[in-house]
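For this one, chain A is given, so just place chains B, C and D on it according to the hints.
Number of protein chains: 4
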Amino acid sequence: MQVSVDFCLIPLGVGVSLAKYIAACKPILDQAAVSWELHAYGTLIEGDWDDVFTAIKACHQKVHEMGAPRITTTLKVGTRTDKEQTMSDKVDSVMRLWHETAE
Amino acid sequence: MQVSVDFCLIPLGVGVSLAKYIAACKPILDQAAVSWELHAYGTLIEGDWDDVFTAIKACHQKVHEMGAPRITTTLKVGTRTDKEQTMSDKVDSVMRLWHETAE
Amino acid sequence: MQVSVDFCLIPLGVGVSLAKYIAACKPILDQAAVSWELHAYGTLIEGDWDDVFTAIKACHQKVHEMGAPRITTTLKVGTRTDKEQTMSDKVDSVMRLWHETAE
Amino acid sequence: MQVSVDFCLIPLGVGVSLAKYIAACKPILDQAAVSWELHAYGTLIEGDWDDVFTAIKACHQKVHEMGAPRITTTLKVGTRTDKEQTMSDKVDSVMRLWHETAE
Numbered sequence: 421m422q423v424s425v426d427f428c429l430i431p432l433g434v435g436v437s438l439a440k441y442i443a444a445c446k447p448i449l450d451q452a453a454v455s456w457e458l459h460a461y462g463t464l465i466e467g468d469w470d471d472v473f474t475a476i477k478a479c480h481q482k483v484h485e486m487g488a489p490r491i492t493t494t495l496k497v498g499t500r501t502d503k504e505q506t507m508s509d510k511v512d513s514v515m516r517l518w519h520e521t522a523e
Numbered sequence: 421m422q423v424s425v426d427f428c429l430i431p432l433g434v435g436v437s438l439a440k441y442i443a444a445c446k447p448i449l450d451q452a453a454v455s456w457e458l459h460a461y462g463t464l465i466e467g468d469w470d471d472v473f474t475a476i477k478a479c480h481q482k483v484h485e486m487g488a489p490r491i492t493t494t495l496k497v498g499t500r501t502d503k504e505q506t507m508s509d510k511v512d513s514v515m516r517l518w519h520e521t522a523e
Numbered sequence: 421m422q423v424s425v426d427f428c429l430i431p432l433g434v435g436v437s438l439a440k441y442i443a444a445c446k447p448i449l450d451q452a453a454v455s456w457e458l459h460a461y462g463t464l465i466e467g468d469w470d471d472v473f474t475a476i477k478a479c480h481q482k483v484h485e486m487g488a489p490r491i492t493t494t495l496k497v498g499t500r501t502d503k504e505q506t507m508s509d510k511v512d513s514v515m516r517l518w519h520e521t522a523e
Numbered sequence: 421m422q423v424s425v426d427f428c429l430i431p432l433g434v435g436v437s438l439a440k441y442i443a444a445c446k447p448i449l450d451q452a453a454v455s456w457e458l459h460a461y462g463t464l465i466e467g468d469w470d471d472v473f474t475a476i477k478a479c480h481q482k483v484h485e486m487g488a489p490r491i492t493t494t495l496k497v498g499t500r501t502d503k504e505q506t507m508s509d510k511v512d513s514v515m516r517l518w519h520e521t522a523e
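The listed protein sequences correspond, in order, to chains A, B, C and D.
Heads up: the first sequence is residues 421 to 523, going by my numbering.
Heads up: the second sequence is residues 421 to 523, going by my numbering.
Heads up: the third sequence is residues 421 to 523, going by my numbering.
Heads up: the fourth sequence is residues 421 to 523, going by my numbering.
The following block holds chain A by itself, in its conformation from the complex:
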């Protein structure tokens, strides 16, 4: 089952600068069989359900190992059986409507 995920991991008890924890997840996602892309309030991940959630679990484990005693993560998780749709397809289908409307 393919899944599209919006993944936002927040380590607690380590101050306000979270960038190094987010950065430490990069090699985990790179090595996983998933495609992913950072945005300003999370990371979009796309792939097989098990690959995606194995990577997310590994991110939690890594961030705990780095010293964060507590983590809270927010996820949006999308699956569909009616058609295949990549993350860029979703943006494209909205964009197309904007252009049609603007004409």
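Where hints are given, some of them may not hold.
Since copy identity is lost for identical chains, a pair holds within one copy or between any two.
Under the rule of at most 25 angstroms between Cα atoms (straight-line distance), these lysine to any residue pairs were calculated in the SDA-like manner [stated by the list, open to error]:
(1) K446 x W518
(2) K503 x P447
(3) K446 x K482
(4) K503 x W456
(5) K510 x A444
Rather than coming from a laboratory, the hints here were simulated on the basis of the structure.
These numbers were taken from a predicted model, which means no experiment stands behind them.
For chains B, C and D alone, coordinates are given in the frame of chain A:
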């Protein structure tokens, strides 16, 4: 790794009455080695990471089998290494502060 | 417009014990024209859109005043025009299906 | 109070093609005093708290007017008092760490 999850599954393309899809997840959660509790905007689940996410995946599969072509789920996922804390401990620690303040 | 919200505020940069910040939101919610209820991974709030979001803004302001330099909040926000439905109605409609199924 | 928001609105009871509802929010965001950007699982919005939440409320109202009887929205809401930080600053601070690590 123990995890506390707030799980809110929304089937799309099946109208506005979602209760039967949520209800269909009950046997899945009951059979999983997790503790869980329904609230008005989701389900709280607690257990080992793999047990919890195996159950969530099974809920997606079940709801697709029931005819929902598309699902979007929102999850909050909490892990901590500093202490064991159940869902009711979390509520208790806030409640205790309220009572102290009220005295 | 009536709204049902699941509200989970996480202060950052203040360590791992968040209970006192959550507790400080109680008087704000009590004074607002909303009904609310704590659960283990957030607070359910119900009321008029403006009352609910005024209270949520006041919680952010209060928690910053208490010394948290950064806050990240996760919200689920539900509105509907087809019928009035309280938070307990939602739980009831799932419960009813469970009992029917069990008979 | 400045706020960064990740906004994901899901209309229910209108089938599985949501793009036209998302597209209808564009003029609302364009007319608001906010900066915003679409991604594959939501829209990032940045601006003054009241401007951002007025726009989000207007999106709910618009999507109901278009015929959606029910909406569920997921929001991540970030505020901070320690420094000003735009959405692109946040991505930059992670990117910088990746490049340092790669050297």
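Indices of hints not satisfied (ascending): 2
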